[in-house]
Amino acid sequence: MRTDLRMRKITTMLIIAALFAPYFISVGIVPTRAAAAPDLITPTIVFDMSHGQYKDTIFAAEDAMLEANLTTMGFNVIWAWGGINDTILEDATGLVLGAIYGTTNGFTTAEVTAIDDWFNAGNKFLWVGSDSDYAGYAYINNNASMVLEAVGSHVYPEALSISDAYSNCNASYRVVANGTSTDPYVADIVKDVDAVLMHGPTSLYGSTTGTQGTGVVALENTTIENVYPLVYYGGSATITDSDLVPPLAHNDGEEGKFVAVSIEVNAGDDETGVIVVSGASPYGDYQPMTTAEYYTVPLNGYNLVYQAFDVGMEIATGALIVFDMGHGQYKDTIFAAEDALLETNLNGMGYQVVWAWGGLNDTLLKRARGLVIGAIYGTTNGFTPDEISDVAGWFNKGNKFLWVGSDSDYAGYAYINNNASLILDAVGSHVYPEALSISDAYSNCNASYRVVANGTSTNPFVADIVDGVDAVLMHGPTSLYGSTTGSVGEGVVALENTTIENVYPLVYYGGSATITDSDLVPPLAHLDGEEGKFVAVTLEIKAGEAGTGVIVVSGASPYGDYQPMTTTEYYTVPLTGDDFVYQTFEFGMAYAMNPWAPTQPGFTIDPLLLIGIAGVVLVVIILVVVLKRR
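Under our numbering, the residue at position 218 of the sequence shown is numbered 201, and the numbers go up by one with no gaps.
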């Protein structure tokens, strides 16, 4: 566990305690929170229309479709007609500047400053479109470069024109860029992209210094940290220099697969921004990159544009995790303390958190990367068929993280795990909560039902999740069983001694854990009265229909509940469940977004392979020594 995170948690807890002290002193507890509509996060994207980008036929067709689709994706779209300033940018997460038109339509110093201040405040997404220098239109890219330099971009449009006699829409200047990056980091951006209209475009060059015109490199053959080419022109693309300003990274008449679009991450003063630069415009323009067909040529630049927004905006703002509070999980004292601390620390780790008070649905989950469902409470608080369907539909789109908490069946609470299993069955989970109760007379917090799970996996794949974890509060919990078929109650196996592909037990109850069957529904993988190191929490990867999801199942809840797994001390017993929960989010969310983790120069070696190599080297050394002695 990182020391800074531990200190941040301690500091935050003290602040929360101070803030809520008056409530506890005056009224004893915090008043119960009434269910409310979920506080949806709908990021705003501003599109500049103030500098000659408007074209009536395009605005009525392609731009209208762009707005409709971005709205459906969960974004709020604003068209900026009166210039770019602090007011229009105040609530914006994204800003898109298409190639400007008209020599008197350049950006003012005040506009460039406003963009600079906005972007460098952090967690922003900026897309700057450009154009060729045909007919002496150098002012277009000069203006684009002014903005890019202000925010410290490492990519700029070049002073040239690209044409292609072969890959085009019935004219060499209506270029179709047909090559995409093979870097796994941007795979989700360039998926299903092989024909992007770049109407009258330019190519891009890199700046190792982050300043236009200096440290110039050709991005086709030189790597700049955090900069990823996305789309390339075809091999028959040709450079024409149409003015007296020479190209910087290329030569007049040169042919090749020049870079057409790039993305830069970790940008800006605090390294949380994202910058996309394109050699043409994603909206407006003579004909934008979103065009689906032009002169009978089918195109799929719209895939690139929407996927770049989807990925880029999430990288800039942090992945969104939804916590279900609509099914009885809320407890006032826990929400004021442990849950508040959980939200604070997840924010500090770069995630956005939404507490869902009004149920689960497509609208709520639209922009979510993660969903956490704690054990429900109240027989009337079960999930509706629509909620189950919406969760399954969301998860099976791929690259999602789902955590489902459960509970014991004590006092006839079978409905809790039945509802958890409904969700898990809908997404094809291979792990389910069992219909039983776990108690432990030795490893507990002053009562056998306040179980402390004290064993963790030794599998190196999950080492980062269980690092420093040896005491996780599982209050009134159950154990988990495996399903080889991915269906509740079928292909049942005990996870303590049977392996299921892609399923990793993370945490175990201690050897003194005891099973008690509290209702008429018998356990499936275990026996009433059985003792052992039963599985308390699991991780499943490559889950869901797309094979890219992550599912965590736990025998108790990571938030809410009577007392959640994040608890750091209970009845004077020190606990490390907080480390476990944060490390599970960090690992699971990153894996769900895989392969978005930026690649680094060089290569990596599997730890087991490294051990094997070391063993071989050791054997060789021993042989050499023995032979020398002979």
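Bear in mind the hints are in silico, worked out from the structure with no lab data behind them.
Where a beta carbon is used, it is the ideal one built from N, C-alpha and C, also for glycine.
Hints should not be assumed to be uniformly reliable.
Pairs of lysine to aspartate or glutamate residues, derived as EDC-like cross-links and limited to a Cα-Cα distance of at most 16 angstroms, are as follows [what the hints assert, rightly or not]: (1) LYS380 / GLU528; (2) LYS349 / GLU276; (3) LYS240 / ASP171; (4) LYS380 / ASP345; (5) LYS349 / ASP373; (6) LYS516 / GLU479; (7) LYS174 / ASP293; (8) LYS380 / GLU514; (9) LYS516 / ASP453; (10) LYS240 / GLU203.
With beta-carbon atoms standing in for the labels, derived distance ranges [said to hold, decoys possible]: (11) THR70 / LYS380: 17 to 23 angstroms; (12) ALA47 / THR25: 15 to 21 angstroms; (13) THR55 / TYR554: 30 to 36 angstroms.
Going down the list of hints, with the structure as the test:
1. LYS380 / GLU528: 8 angstroms, holds
2. LYS349 / GLU276: 28 angstroms, violated
3. LYS240 / ASP171: 21 angstroms, violated
4. LYS380 / ASP345: Holds - the C-alpha atoms of ASP345 and LYS380 are around 12 angstroms apart, at most 16 angstroms.
5. LYS349 / ASP373: Distance ~10 angstroms between LYS349 and ASP373 Cα, so the pair holds.
6. LYS516 / GLU479: 7 angstroms, holds
7. LYS174 / ASP293: 12 angstroms, holds
8. LYS380 / GLU514: 40 angstroms, violated
9. LYS516 / ASP453: Measuring from Cα to Cα gives roughly 14 angstroms; hence the hint holds.
10. LYS240 / GLU203: Between LYS240 and GLU203 the Cα gap is close to 7 angstroms, so the pair holds against 16 angstroms.
11. THR70 / LYS380: 17 to 23 angstroms: 36 angstroms, violated
12. ALA47 / THR25: 15 to 21 angstroms: Taking Cβ atoms as reference, ALA47 and THR25 lie about 19 angstroms apart, which means the hint holds.
13. THR55 / TYR554: 30 to 36 angstroms: Cβ of THR55 to Cβ of TYR554: about 50 angstroms, so the range 30 to 36 angstroms is violated.
Against the hints set out earlier in the document, violations occur for numbers 2, 3, 8, 11, 13.
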